[in-house]
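S.K.: With chain A held as given, fit chain B onto it using these hints.
Chains as they are written, first to last, in this note's numbering: chain A, 4 to 336; chain B, 4 to 336.
No lab work stands behind these hints: they were computed from the structure.
Don't take every hint at face value.
For lysine to any residue, the following SDA-like pairs were computed, each having C-alpha atoms within a straight-line distance of at most 25 Å [claimed, not checked]:
id, chain 1, residue 1, chain 2, residue 2
1, B, LYS42, A, ARG45
2, A, LYS42, B, PRO148
3, A, LYS213, A, PRO148
4, A, LYS23, B, GLY241
5, B, LYS42, A, SER155
6, A, LYS42, B, ALA239
7, A, LYS317, A, PRO159
8, A, LYS23, B, LYS42
9, A, LYS42, B, PRO147
10, A, LYS42, B, ALA313
11, A, LYS317, B, GLY13
12, B, LYS213, B, GLY121
13, B, LYS213, B, ALA88
14, B, LYS23, A, SER150
15, A, LYS317, B, LEU35
16, B, LYS23, A, GLY241
17, A, LYS23, B, LEU35
18, B, LYS42, A, PRO29
19, A, LYS42, B, ARG45
20, A, LYS23, A, ILE55
21, A, LYS23, B, PRO148
22, B, LYS42, A, PRO123
23, A, LYS42, B, GLY13
24, A, LYS42, B, HIS145
25, B, LYS23, A, ALA313
Pairwise CB distance ranges (calculated) [to be verified]:
id, chain 1, residue 1, chain 2, residue 2, range
26, A, GLY149, B, ARG118, 38 to 44 Å
27, B, ALA185, A, LEU62, 41 to 47 Å
28, B, GLY267, A, SER44, 47 to 53 Å
29, B, GLY267, A, ASP64, 32 to 38 Å
30, B, ALA16, A, THR107, 36 to 42 Å
31, B, ALA245, A, ASP102, 38 to 44 Å
32, B, ALA302, A, LEU62, 47 to 53 Å
33, B, ALA192, A, GLY149, 53 to 59 Å
34, B, SER44, A, PRO159, 35 to 41 Å
35, B, ASP102, A, ALA302, 57 to 63 Å
Residues of chain A clear of chain B, computed beta-carbon distances all greater than 12 Å [said to hold, decoys possible]:
id, residue
36, ALA192
37, ALA249
38, SER265
39, ALA299
40, GLY312
Ideal placement from N, C-alpha and C gives every residue a C-beta, glycine not left out.
There are 2 protein chains.
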Amino acid sequence: MTAPGAGPSGEDALIARYFKPLATDPGAFGLLDDAAILKPSRDDLVLKTDAIVEGVHFLSDDPPETVARKALRRNLSDLAAKGAAPAGFLLTLALREADEAWLTPFARGLGEDARQYGCPLLGGETVSTPGPIMVSISAFGHVPPGSIVHRSGARPGDRIAVTGTIGDAALGLDIIRGGAVASVLADNAGAREMLVGRYRVPQPRNSLAKAVRDHASAAIDVSDGLAGDLAKLCAASGVSAAIDVASIPLSAAAAAVLARGSVGIEALVSGGDDYEILCAIPESRFDAFAEAAELAGVAVSSIGIVISGASEPKFLDAQGRNVPLAHLAYSHF
Amino acid sequence: MTAPGAGPSGEDALIARYFKPLATDPGAFGLLDDAAILKPSRDDLVLKTDAIVEGVHFLSDDPPETVARKALRRNLSDLAAKGAAPAGFLLTLALREADEAWLTPFARGLGEDARQYGCPLLGGETVSTPGPIMVSISAFGHVPPGSIVHRSGARPGDRIAVTGTIGDAALGLDIIRGGAVASVLADNAGAREMLVGRYRVPQPRNSLAKAVRDHASAAIDVSDGLAGDLAKLCAASGVSAAIDVASIPLSAAAAAVLARGSVGIEALVSGGDDYEILCAIPESRFDAFAEAAELAGVAVSSIGIVISGASEPKFLDAQGRNVPLAHLAYSHF
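Okay, chain A solo, but in the shape it has when bound:
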């Protein structure tokens, strides 16, 4: 009840202008109604909600286009880790003002990702806030009945695999903040750009969803740091894990930073914002999983093994010694 308006409200006009072009699914009714529909399906519908807040999950001067992509891709990454194919999403956008210079690239980035990942905008709302911008997304996906991949199915002996590379986003954030990583990579603009890109625009592994569904006993998306998310998967499964630190996949840039000693492995495995898939694969399935991953064009690395017990997952160096990790994950509170 902040800003009285007459006739078609400013909010409706804003939605029509920026977001109607994204609402290509017939169930979105062109955003002209108060609700959307998803048609009946034989699949289970997977539901996920995730929000990002300015100054907490993204930076005020991050490009609006990447803010949009990050908001959607965080949800897409969760769908992928659960083995689900994207079906669509709902958007709630809290803004201080209807700023065209911000909304135009935001909507463009969101629309491009919606198309790329086959995840159309089904409904949206904008609300006014005096505070930070917040982008809240609820995303929906399909899995055949009963086939969602839980955190809780890992069993002793399962191989632990992770996609892509770990720690890049944490280094990218450090660069944006003008931390030590920027000076370590002072003569390598390409590496700096890659790492910043990994922070701003996650690369969710949706093409791997079917392989995860077909082969993984448990999976989680790595958003709060590899170590913390592994601990969650193990706790939910009632198991522990032994990780070979040398097997954790690192980008060349991250390996170079690590080699210079300015950042420890701890920062990489607890950094967050990786949006890779961490999963447990029964040994008998691993070759088939690796083959499916190759066909899907997603790099996967075997980094350890599930063991019995309730202790925190162990991170072991080449000599089998424990690598101590003080901070397993960040928490919002």
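M.R.: Positioned in the frame of chain A, the structure of chain B alone reads:
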């Protein structure tokens, strides 16, 4: 990446403590996984998202219990107006701090409403914000395939009906803010309390959903003011409307305030936060609709008729003269 924590994160602990007891649906997996599921259904799944922001949609000193109820009931009201039966919801809660004194009554109010309306919590997330509290909810409902009730189906000759009473919430907000209404009702604590309650805790008309689905040609929930939401329904349907102002249902308290002249009808029909259902009913269906409404225990009033044309809906007094309404609805921007 604000507050590093070790072991099970504060966020996870917060969700487990306050919201796990609400996640009674098997598809919520006890909030222990990264996503929830809805099982396959032959129905269309209706999707709605709606958020409320502290200082914009609710007041900082509103009781947390009523903030929770309002957040959920706004969504339930939309489902009702679309003819849908509630299936569940996802919650995103942005908080400055994990304040037990706020979260305990918030979760209690939310849980009670989830049970009362048969709309279980399926998944939830808490995020940290330096700004105002924001409660973002995505709600899901079922309708038989193709039977969602749109804004756009109203036809000339249809009766226009509205549930409950109009304008109470706007008067309640005025009382909370110490406006003129409080002094008009200085000697009537019961009326003041009722009006404030109407602002803080909407009464969504979910028991009327089937009657709306069976009989209405178009429907919308009245959240931005009767006049503005009627204008939206008419615009979507390509029609206009003639409303008999004297037929607009008012509570005794609202009628008393109106009679004293301290508030005009304009404030009541443009006030917002009513969460009543406004619908168009073909004349041949009206008796059946009224009967179904009576069985559902929901008061409905016939307030006018759909007419052809593209002009703004007319509000007419007993002499058939136009009642001018300057502000048809409020807008967030």
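S.K.: Output the indices of the hints that this structure fails to meet, ascending.
M.R.: 8, 10, 17, 23, 26, 29, 35
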